[in-house]
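Student: Residues per chain, in single letters:
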Amino acid sequence: MSRKFLLGLLAVLVMTLLSACVLPAPTSTSEPSSSAASSEDEQATGNRSVLRVPHFLARGGAESLDPASPTEFSYANYLLYDRLVALDDSGVPVPELATAWTANEDATEWTFTLREGVTFHDGSAFDSADVAYTFAHLLDPATESRAARTLSLLVGTETPDPQTIIFQLEPGHADFPLLLSSRATAIVPADSADTIATTGIGTGPFKLETFDPEGTTIFSANDAYWQGAPALAGVEMPAIADSEARTLALQAGQIDVLLQAGPTAADLFMNSDDYTVLSFPTGTWIGLSMRIDMPPFDDARVRQAIRLVTDRQAMVDLILNGGGRVSCDTPVDPSDPYRWDPEGGCLQDIEGAKALLADAGYADGLDLTLYTSDVLPNLIPLAEIFQQQAAAAGINVALEITPADSFFAETAVNEAFITTGWLGRPTDEILNLVFRSTSPLNEAKFQSAEFDQLLDDARQTLDLAERTKLYQAAQQMLATEGGHMIAMHINEATIVSNAVSNFPARSVEHIEWYNISKSE
Amino acid sequence: MGNLLHRFILSLIVLGLVAVVVFVLVEALPGDAATAFLGQQATPEGLAQVRLRLGLDRPAHERFFEWAGGILRGDLGVSLMRDEPINDFLWTRLRNSLLLGLSAALVGFPLAIGLGVIAGLTRDRWPDLTLSTGSLIGMSMPDFVIATLLIYVFSVQLRWFPAVTLVNPDAPVLELLPNIVLPIATLTILLTAYILRIMRTGIIEVMRSDYIRVARMKGLHHVVILFRHALPNALLPTITVSALTVAWLIGNLVVIEAVFNYPGIGTLMLSAIQNRDLPLVQSIAIIMAVIYLTVNLTADLLTLALNPRLRVRG
Numbered sequence: 001m002s003r004k005f006l007l008g009l010l011a012v013l014v015m016t017l018l019s020a021c022v023l024p025a026p027t028s029t030s031e032p033s034s035s036a037a038s039s040e041d042e043q044a045t046g047n048r049s050v051l052r053v054p055h056f057l058a059r060g061g062a063e064s065l066d067p068a069s070p071t072e073f074s075y076a077n078y079l080l081y082d083r084l085v086a087l088d089d090s091g092v093p094v095p096e097l098a099t100a101w102t103a104n105e106d107a108t109e110w111t112f113t114l115r116e117g118v119t120f121h122d123g124s125a126f127d128s129a130d131v132a133y134t135f136a137h138l139l140d141p142a143t144e145s146r147a148a149r150t151l152s153l154l155v156g157t158e159t160p161d162p163q164t165i166i167f168q169l170e171p172g173h174a175d176f177p178l179l180l181s182s183r184a185t186a187i188v189p190a191d192s193a194d195t196i197a198t199t200g201i202g203t204g205p206f207k208l209e210t211f212d213p214e215g216t217t218i219f220s221a222n223d224a225y226w227q228g229a230p231a232l233a234g235v236e237m238p239a240i241a242d243s244e245a246r247t248l249a250l251q252a253g254q255i256d257v258l259l260q261a262g263p264t265a266a267d268l269f270m271n272s273d274d275y276t277v278l279s280f281p282t283g284t285w286i287g288l289s290m291r292i293d294m295p296p297f298d299d300a301r302v303r304q305a306i307r308l309v310t311d312r313q314a315m316v317d318l319i320l321n322g323g324g325r326v327s328c329d330t331p332v333d334p335s336d337p338y339r340w341d342p343e344g345g346c347l348q349d350i351e352g353a354k355a356l357l358a359d360a361g362y363a364d365g366l367d368l369t370l371y372t373s374d375v376l377p378n379l380i381p382l383a384e385i386f387q388q389q390a391a392a393a394g395i396n397v398a399l400e401i402t403p404a405d406s407f408f409a410e411t412a413v414n415e416a417f418i419t420t421g422w423l424g425r426p427t428d429e430i431l432n433l434v435f436r437s438t439s440p441l442n443e444a445k446f447q448s449a450e451f452d453q454l455l456d457d458a459r460q461t462l463d464l465a466e467r468t469k470l471y472q473a474a475q476q477m478l479a480t481e482g483g484h485m486i487a488m489h490i491n492e493a494t495i496v497s498n499a500v501s502n503f504p505a506r507s508v509e510h511i512e513w514y515n516i517s518k519s520e
Numbered sequence: 001m002g003n004l005l006h007r008f009i010l011s012l013i014v015l016g017l018v019a020v021v022v023f024v025l026v027e028a029l030p031g032d033a034a035t036a037f038l039g040q041q042a043t044p045e046g047l048a049q050v051r052l053r054l055g056l057d058r059p060a061h062e063r064f065f066e067w068a069g070g071i072l073r074g075d076l077g078v079s080l081m082r083d084e085p086i087n088d089f090l091w092t093r094l095r096n097s098l099l100l101g102l103s104a105a106l107v108g109f110p111l112a113i114g115l116g117v118i119a120g121l122t123r124d125r126w127p128d129l130t131l132s133t134g135s136l137i138g139m140s141m142p143d144f145v146i147a148t149l150l151i152y153v154f155s156v157q158l159r160w161f162p163a164v165t166l167v168n169p170d171a172p173v174l175e176l177l178p179n180i181v182l183p184i185a186t187l188t189i190l191l192t193a194y195i196l197r198i199m200r201t202g203i204i205e206v207m208r209s210d211y212i213r214v215a216r217m218k219g220l221h222h223v224v225i226l227f228r229h230a231l232p233n234a235l236l237p238t239i240t241v242s243a244l245t246v247a248w249l250i251g252n253l254v255v256i257e258a259v260f261n262y263p264g265i266g267t268l269m270l271s272a273i274q275n276r277d278l279p280l281v282q283s284i285a286i287i288m289a290v291i292y293l294t295v296n297l298t299a300d301l302l303t304l305a306l307n308p309r310l311r312v313r314g
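Chains A and B, in that order, are what the protein sequence lines are. The first sequence: position 91 = 91 (this note's numbering), numbered continuously. The second sequence: position 126 = 126 (this note's numbering), numbered continuously.
Looking at chain A on its own, in the form it has when it is part of the complex (with noise of 0.2 Å):
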């Protein structure tokens, strides 16, 4: 019996020895034949390349070519179309479609000149029309855009001349060509709304060929494009759902490049020779939530005990193992001009929150339940960690971890204190969005008439360095009087095969597609 147990050890040493023997052995092989792939590229488009790239299949095969869907194709849509206004490395509006524009005393209307010669992907020139027609969809409540809600402050558009859009806006808003590098509100042409989600007929530099969101979606450069033919003769867009896949395909070859790459597929090509691993900051933060009308955070005190008991850089380098940017309480972007810093930082401070807490009548220690979910990626980990901090300070924090599908819609709704995060928005949005006193989206039901008037006082201001005084004043007051701890913006990753050439290290949004190219 123990002979014949050894011999099947034995075989099982064999059978592995030899399969560790099999995978190192072909490397060399690899070359020639992907060399051989892209030759055939070469030779059917000419001396420009086809760049591969895979869309998540967010929307389950309902993907939209209608930028103000809510089910909207976001990868394919950047690639189709323009907007009026983009953001420049520092995050200030720069022209896209609108060439310059001014806007009167108080803001309430704004004047766009238009680019001159632009035309759309039907050959159909690009005017002023388009321009109130694209308003007009995406506001339409059939339409069920997600932006309507920032841009309900839009009451109206004329036209003068085909060159030039007015927008009136009620309330006035100074940074209102910010909301319009929004990518919902790219440019589709008139009377559209029927056909535009199957078309897909912009100003952008690539035109569609075959649209096939379950499949590969085929776009052929627009060599019409105002900025100059594109460096690519086209982009093919594969759906690859599961994250796993996009890396084994990445791999393979069968794509070369992986936006929004997770931090285990960056790991895995940090080192390697064929690829890049691109890191940049983003808007996108994680943090904790107070609900400001329930005890025990009703005390400001206990809030701002929350927020000294936190040591954000251990979080970041534990959670993102580096990779991202402390922040102390601000939910605006690290590289927006309205970013707030406080001085010194924010430093851990046990003591500092101890004594808060005493004051508060908690000198004996603190209970909380703490709720959170894999519903975003990293907010188990921040709870855990949050969980181990607090202690030092006498706060026991009991974690529920509750399931993702209903996090938002019924936890976040119900509980005093849970983990949170939002994707990066301007300034204007996201401080109106998740922190006004009337924003449904308001989580920890903060309430301060000053804050809300902070900014609408910065929507008035024309002037950027006051409006920018006004703007960090509002993210002072969320860091000392708020119901948030927000410990930290979260970089991303591109992974770019190395026969990619400038393709830049920025968020998917807003990445200048005419100018990627491809060698081989």
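The hints are simulated quantities; they were obtained by calculation from the structure and are not laboratory data. Accuracy of the hints is not assured; some may be wrong.
Unchecked claim - Some chain A residues close to chain B (C-beta under 8 Å, calculated; not the full set):
1) 218
2) 231
3) 234
4) 238
5) 245
6) 406
7) 441
Model, not experiment: these values are computed from the prediction. Just so it is clear, CB atoms sit at the ideal spot from N, CA and C, and this is done for glycine as well.
Guided by the hints, dock chain B onto chain A, whose structure is given.
Tutor: Here is chain B on its own, set in the frame of chain A:
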């Protein structure tokens, strides 16, 4: 004949139960199609509006009976996430999964039976030890590990086959073929590992039996002994186990299709559950149940055909 009718009616009852249980389970899950659609932007008003549009404001039993009534007329209902009739896109997905499953069965069953016979006949000698150890390894590795290993060797290193499928669900079978090699290999390894062991045991049992000894003493050729006398009897337990294995493979299809990005009913089921698309989840569950019942029924009929003792004289 009456036996068959009895089995058929029983199967229908099982299908009805599957429909009810799946409906209740998905209803009991936290969240619905509206919360899945709105995500973090879910406000009470927004949720109410989406529920109204999707018809989710109506009571659960009403929605169930509407769907059940539809399926009796051959109408699977309308997908909530795509807002299009399920009949329009489900069947090509099923075709793709069947292509995968049947190809794996076509390769896997003969291979497993053949290798099982070899292992059984060479009991405790090196062919048996190699095959048995191999099948033990195959059985103990999770499906996604086998799939990832195959992709690593044959797609990443050797670049013989694509790692993931990048074609449309409606693509012609010819276009799907290069993509199904690795998924079939994965399924075949899983299938073979289990059935090989059962077949081996069956052969060992039968070869020890008195009638084989008698056949040997009669001087029959060993090929005749194997195919006429040993194999039909050794196959009996294998068929039952094969039916169970196929049922278990239907579950594995979800994992394997996800890893290979294969456009079958497994990946469709995943996204349907994620989006809380109840009519679609229901429809796929019913189809999987029908396949399961059909396979079981076929296995029983085969057993009946191979084993005269089980036949009831009419």
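Student: If a hint holds in the structure, say so; if it doesn't, say that too.
Tutor: These are the hints, each one checked on the structure:
no. : hint : result
1   : 218  : violated (11 Å)
2   : 231  : violated (23 Å)
3   : 234  : violated (15 Å)
4   : 238  : holds (4 Å)
5   : 245  : holds (4 Å)
6   : 406  : holds (3 Å)
7   : 441  : holds (7 Å)
Violated hints for the displayed structure, listed by number in ascending order: 1, 2, 3.
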